[in-house]
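There are 2 protein chains.
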Amino acid sequence: MNPFSKSRRESVGALGEEKLIAAIRRWLGRTSPRAPFGIGDDCAVLAPSRGPQLITVDPVIYPRHFNDHVPPRAVGAKLLRRNLSDLAAMGGRPTAAVLALTLDARVSRRWLEAFYRGLAACARLYRVPIVGGDIAQADGMVGASLTLLGEATGPRTLTRTGARLGDAIYVTGVLGGSLRSGHHYSFTPRLKEGAWLARRPEVRAMMDLSDGLAKDIHALTPPRGVAALEPATLPRRSGANLRAALTEGEDYELVFAVAAQADAAHFERAWRHAFPRTRLTRVGRFVRVGALPATAIDLADYHGYEHLR
Amino acid sequence: MNPFSKSRRESVGALGEEKLIAAIRRWLGRTSPRAPFGIGDDCAVLAPSRGPQLITVDPVIYPRHFNDHVPPRAVGAKLLRRNLSDLAAMGGRPTAAVLALTLDARVSRRWLEAFYRGLAACARLYRVPIVGGDIAQADGMVGASLTLLGEATGPRTLTRTGARLGDAIYVTGVLGGSLRSGHHYSFTPRLKEGAWLARRPEVRAMMDLSDGLAKDIHALTPPRGVAALEPATLPRRSGANLRAALTEGEDYELVFAVAAQADAAHFERAWRHAFPRTRLTRVGRFVRVGALPATAIDLADYHGYEHLR
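Those sequence lines, one after another, are chains A and B. Using the UniProt record's numbering, read the first sequence as starting at 1 and increasing by one per residue. Using the UniProt record's numbering, read the second sequence as starting at 1 and increasing by one per residue.
In isolation and in its complexed conformation, chain A is listed as follows:
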């Protein structure tokens, strides 16, 4: 569905700001708490945190993150899911979200209603109150940016830092073909898996995959190290070749490092017991620069998604 309306009457501009905000609150339903704990005052008031907090921000922008083939309900859900994936990558769970919308006045009310209803359904599923927002106008623009607050689910928050030379590299799910298959908007953020991994002492560092493994793995790689990925082991989506699995991006899977001295068989058994339906694959290990095995992928041959190009 194209976000722009053909008739002025059916546009958000014709509705006007006040009625639009009232409609948004209706579309959000019970995921939108009453002011001052939600939309409707200068700020929203949130309960004190129970411990350290997590915060992340990610957008969806037309036509970069969705096009006319993505149902607007899925666009709203994708916006929240992308941010939930960032929380999952640190072993967190969500507490509240605020939404900044930037719209052309010609955007269709039907499109926007479906967007918000999709966001609300996803917010109910993951119990994320939408506590605030802003609507601004910009010609040609259909975009939204969501800031998600969260908290750790256990005593530890997993970061991208901490992997060491020799550590094994694991990924969840399958890679590549995300845009073609619709995975980029229908994926399940790995919140349960992330929380479980943050409680496993043998897991040293973790992140989520958004720009493709070939690019993202650099952020997890220890100093003086390089990722030795074995091409045969890479879990690929049906129809995705090696290049697609490494570079297409929007996988929203977890990649993490497991200590070299850990009992891998024991760890993998525990995973299968906890997540019998989530594929886990050991795809390689971190080695010293210059010590890349001949069989490993030379990452210099692959580039993930480059923003601002």
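By construction, these hints were calculated from the structure, which means they are not laboratory data. Hints should not be assumed to be uniformly reliable.
Example chain A residues on the side facing chain B (calculated, C-beta under 10 Å, incomplete) [said to hold, decoys possible]:
#, residue
1, 1
2, 2
3, 17
4, 43
5, 47
6, 56
7, 85
8, 102
9, 148
10, 149
11, 206
12, 211
13, 219
14, 223
15, 299
Since the structure is predicted, the reported quantities are computational estimates derived from the model, not experimental observations. No residue lacks a Cβ here, since even glycine has one placed at the ideal position from N, Cα and C.
Dock chain B against the given chain A, drawing on the hints supplied.
Relative to the frame of chain A, chain B by itself:
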């Protein structure tokens, strides 16, 4: 300064994402904490809150909130100040901010550097760590949305709800002419005043003025009431007429209700002692619908800034 670069070489697109993020961290300097407490991981980790929290989000978008005549440093500062004004309106103080940037690849590096340096200078002044962000590309777009976290400065958070019939209406500063005078980007958010007012029991409700008093006052008006504003009392910026003071918007001043039975002279003396340089004006009171004095402004004759028109 126009945000678009004439030469491809001088554009953010030519710089590329990785170098741009490194440059942004340099421009932000010490307002940008190290990961995982700032930019560079999937989420930023924040210290536990000391009590109830406040959250708000507001954007600056070209050419709606700034044009080529506004120095880019001032645009960056305005983005933070707008959000600080929302915190001030509830008696809060800031704790952390995240920034979502949406840029055309042709935006000039010089423009963006000045934008970030202006934001960083303002963040240092108000001690707001910039803990996270996102950069996305959209054709023709130069915009940023900032989510600001804060906390109450005392036992009470002032909301827009709570004014009663008979309560006096006060405004800080002067109104109107904000765009013409440059006030819209150079204003000082009323954080100190807001915190002081939240501790005064006679103050019942408060908000900040962004779309013009004529429109904004409705949100403060009690049920079955109407604001009786006396035109002669309205504090106007030099050169601003009554209509400008009521409708132009972007005043970023506080408007609040003081209990009818309070000792107004005592309250005003205390204010002058606390804020000898911040003008305070009683501009009217809330009366029952139908009981508007003949001298009062009929707000139906005035409309504030309408978004999405």
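Against the structure, the hints come out as follows:
1. 1: With a closest approach of 19 Å, the residue 1 of chain A hint is violated.
2. 2: violated (16 Å)
3. 17: holds (4 Å)
4. 43: Check passed: Cβ of residue 43 of chain A comes within 4 Å of chain B, closer than 10 Å.
5. 47: holds (6 Å)
6. 56: For residue 56 of chain A, the interface hint holds, since the closest Cβ of chain B sits about 4 Å away, which is under 10 Å.
7. 85: Holds - the Cβ of residue 85 of chain A comes within 10 Å of chain B, reaching about 8 Å at its closest.
8. 102: holds (6 Å)
9. 148: holds (8 Å)
10. 149: It holds, given that the least Cβ distance between residue 149 of chain A and chain B is near 7 Å, below 10 Å.
11. 206: holds (8 Å)
12. 211: holds (9 Å)
13. 219: At 8 Å from the nearest chain B Cβ, residue 219 of chain A passes the 10 Å test, so the hint holds.
14. 223: Not OK, violated: residue 223 of chain A not within 10 Å of chain B, min 15 Å.
15. 299: violated (15 Å)
Comparing the model with each earlier hint shows violations of hints 1, 2, 14 and 15; every other hint is respected.
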